[in-house]
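Kindly generate the complete structure, drawing on both the sequences and the hints.
2 protein chains.
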Amino acid sequence: MGRFTRHVFICNNQRKEDDPRGCCQSRGAMDLLDHIKKRVHDSGLKGKIRINKAGCLDACQYGPSMVVYPDDVWYSPQTVEDMEEIFTEHLQNGRVVERLVIDFSRK
Amino acid sequence: MGRFTRHVFICNNQRKEDDPRGCCQSRGAMDLLDHIKKRVHDSGLKGKIRINKAGCLDACQYGPSMVVYPDDVWYSPQTVEDMEEIFTEHLQNGRVVERLVIDFSRK
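Residue numbers (UniProt numbering), protein chains in the order written: chain A, 1 to 107; chain B, 1 to 107.
Don't read these hints as lab results, they were simulated from the structure. Hints may contain errors.
In this list, chains with the same sequence are indistinguishable; a pair is considered to hold if it fits within one copy or across any two.
[Claimed, not checked] For lysine to aspartate or glutamate, the following DMTMM-like pairs were computed, each having C-alpha atoms within a straight-line distance of at most 25 Å:
| no. | residue 1 | residue 2 |
| --- | --- | --- |
| 1 | K46 | D34 |
| 2 | K48 | D71 |
| 3 | K48 | D72 |
| 4 | K16 | D71 |
| 5 | K46 | D72 |
| 6 | K38 | E17 |
| 7 | K16 | E89 |
| 8 | K46 | D71 |
| 9 | K16 | D34 |
| 10 | K16 | D72 |
| 11 | K48 | E98 |
| 12 | K38 | D82 |
| 13 | K46 | E81 |
| 14 | K16 | E81 |
| 15 | K37 | D71 |
| 16 | K37 | D58 |
| 17 | K37 | E89 |
| 18 | K48 | E89 |
| 19 | K46 | D82 |
| 20 | K38 | E84 |
| 21 | K16 | E85 |
| 22 | K37 | D72 |
| 23 | K46 | D103 |
| 24 | K38 | D18 |
| 25 | K37 | D19 |
| 26 | K46 | D19 |
| 27 | K46 | D58 |
Here you go:
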């Protein structure tokens with residue numbers, strides 16, 4: 001067992017507005033981060049599940065992007081509802097939310 | 001196989017100077033980050049090994065702190081030489097550098 005049962009990194013990168021890649025922060029990553037941090041805290045999972053901001057995860061085109069370790073599952077949540085599903089399904093119950101998993105083979 | 005062979009997160013947190021916990025940034029984390037990023041780039045490992053800044057990893061007392069996923073190995077490198085050893089031994093050759101591993105059982 002590692003230090004945390006699950007350790008989540010959410011891209012917090014910000015680029016200039018005219019950058020064609022866009023960036024996770026302009027796509028609402030911070031609101032999604034706030035939501036999942038609060039859920040972890042309110043569920044008494046602090047110390048077991050850790051949520052961290054991270055620099056650019058090199059998944060800009062799928063942003064907001066995030067990764068759950070040690071599972072190594074990458075997600076592209078677009079809404080608070082998506083993030084809620086990742087929290088309840090994956091972080092709490094260990095079930096990967098397939099519909100939100102990033103498919104790196106496309107694009 | 002995950003997206004990256006190894007994904008490294010280095011704590012980049014900065015606290016006020018009078019905070020008793022100290023912080024990784026004031027202990028030189030950024031120089032260590034710059035070193036390992038450059039080594040990955042110069043070794044042609046970009047795309048296989050990813051180095052990211054992260055928010056507080058909750059290992060302040062061992063700082064500068066970092067974690068290598070998916071291995072889930074936590075390190076406390078104090079010098080550029082320490083970081084170089086983590087790069088050549090662990091990231092390139094998959095051998096954990098035991099002397100630098102954080103022992104969370106001690107405070």
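Each hint tested on the structure:
Taking identical chains as interchangeable, the C-alpha atoms of K46 and D34 lie at most 25 Å apart only when both belong to the same chain, with a minimum of 14 Å there against 30 Å between chains. In this assembly of identical chains, the alpha carbons of K48 and D71 lie at most 25 Å apart whether taken from the same copy (14 Å) or from different copies (17 Å). For the identical chains of this complex, K48 and D72 are neighbours both inside a copy (17 Å) and across copies (14 Å), given an alpha-carbon limit of 25 Å. When the C-alpha separation of K16 and D71 is checked against a cutoff of 25 Å, the pair qualifies neither within a copy, at 32 Å, nor between copies, at 34 Å.
Proximity of K46 to D72 under the C-alpha cut-off of 25 Å is found in both arrangements, the shortest distances being 20 Å within a copy and 18 Å between copies. When the C-alpha separation of K38 and E17 is checked against a cutoff of 25 Å, the pair qualifies neither within a copy, at 29 Å, nor between copies, at 27 Å. Proximity of K16 to E89 under the C-alpha cut-off of 25 Å is found in neither arrangement, the shortest distances being 34 Å within a copy and 37 Å between copies. Proximity of K46 and D71 under a CA criterion of 25 Å is satisfied in both settings, with 18 Å inside one chain copy and 21 Å between copies.
For the identical chains of this complex, K16 and D34 are neighbours both inside a copy (23 Å) and across copies (23 Å), given an alpha-carbon limit of 25 Å. Taking the shortest alpha-carbon separations for K16 and D72, neither the intra-copy value of 29 Å nor the inter-copy value of 33 Å comes in at or below 25 Å. For the identical chains of this complex, K48 and E98 are neighbours both inside a copy (23 Å) and across copies (24 Å), given an alpha-carbon limit of 25 Å. In the homo-oligomer, the alpha carbons of K38 and D82 lie at most 25 Å apart inside one protomer (15 Å), although the nearest pairing across protomers, at 36 Å, exceeds that limit.
Within a single copy, K46 and E81 get their C-alpha atoms as close as 21 Å, which meets the 25 Å cut-off; across copies the closest is 34 Å, which misses it. Taking CA atoms no more than 25 Å apart as the test, K16 paired with E81 passes in neither setting, with 28 Å inside one copy and 35 Å between copies. With identical chains, the CA atoms of K37 and D71 are at most 25 Å apart both within one copy (19 Å) and between copies (24 Å). Both within a single protomer and between protomers do K37 and D58 lie at most 25 Å apart by alpha-carbon distance, with minima of 22 Å and 14 Å respectively.
In this homomeric assembly, K37 and E89 come within 25 Å of each other (Cα to Cα) only inside a single copy, at 15 Å, whereas the closest approach across copies is 34 Å. Proximity of K48 to E89 under the C-alpha cut-off of 25 Å is restricted to the intra-copy arrangement: shortest distance 16 Å within a copy versus 29 Å between copies. Taking the shortest alpha-carbon separations for K46 and D82, only the intra-copy value of 21 Å comes in at or below 25 Å, while the best inter-copy value is 30 Å. Taking the shortest Cα distances, K38 and E84 sit within 25 Å of each other inside one copy (11 Å), while across copies they are farther apart (37 Å).
In this assembly of identical chains, K16 and E85 lie within 25 Å of each other by CA distance neither inside one copy nor across copies; the values are 31 Å within and 36 Å between. Proximity of K37 to D72 under the C-alpha cut-off of 25 Å is found in both arrangements, the shortest distances being 19 Å within a copy and 21 Å between copies. With identical chains, the CA atoms of K46 and D103 are at most 25 Å apart between copies only, with a shortest distance of 20 Å across copies and 30 Å within one. For the identical chains of this complex, K38 and D18 are neighbours neither inside a copy (32 Å) nor across copies (27 Å), given an alpha-carbon limit of 25 Å.
For the identical chains of this complex, K37 and D19 are inter-copy neighbours only, at 23 Å across copies versus 29 Å inside a copy, given an alpha-carbon limit of 25 Å. When the C-alpha separation of K46 and D19 is checked against a cutoff of 25 Å, the pair qualifies only between copies, where the shortest distance is 22 Å, while the shortest distance within a copy is 36 Å. Taking identical chains as interchangeable, the C-alpha atoms of K46 and D58 lie at most 25 Å apart only when they sit on different chains, with a minimum of 11 Å there against 27 Å within one chain.
Of the numbered hints stated above, those contradicted by the structure are hints 4, 6, 7, 10, 14, 21 and 24, listed in ascending order.
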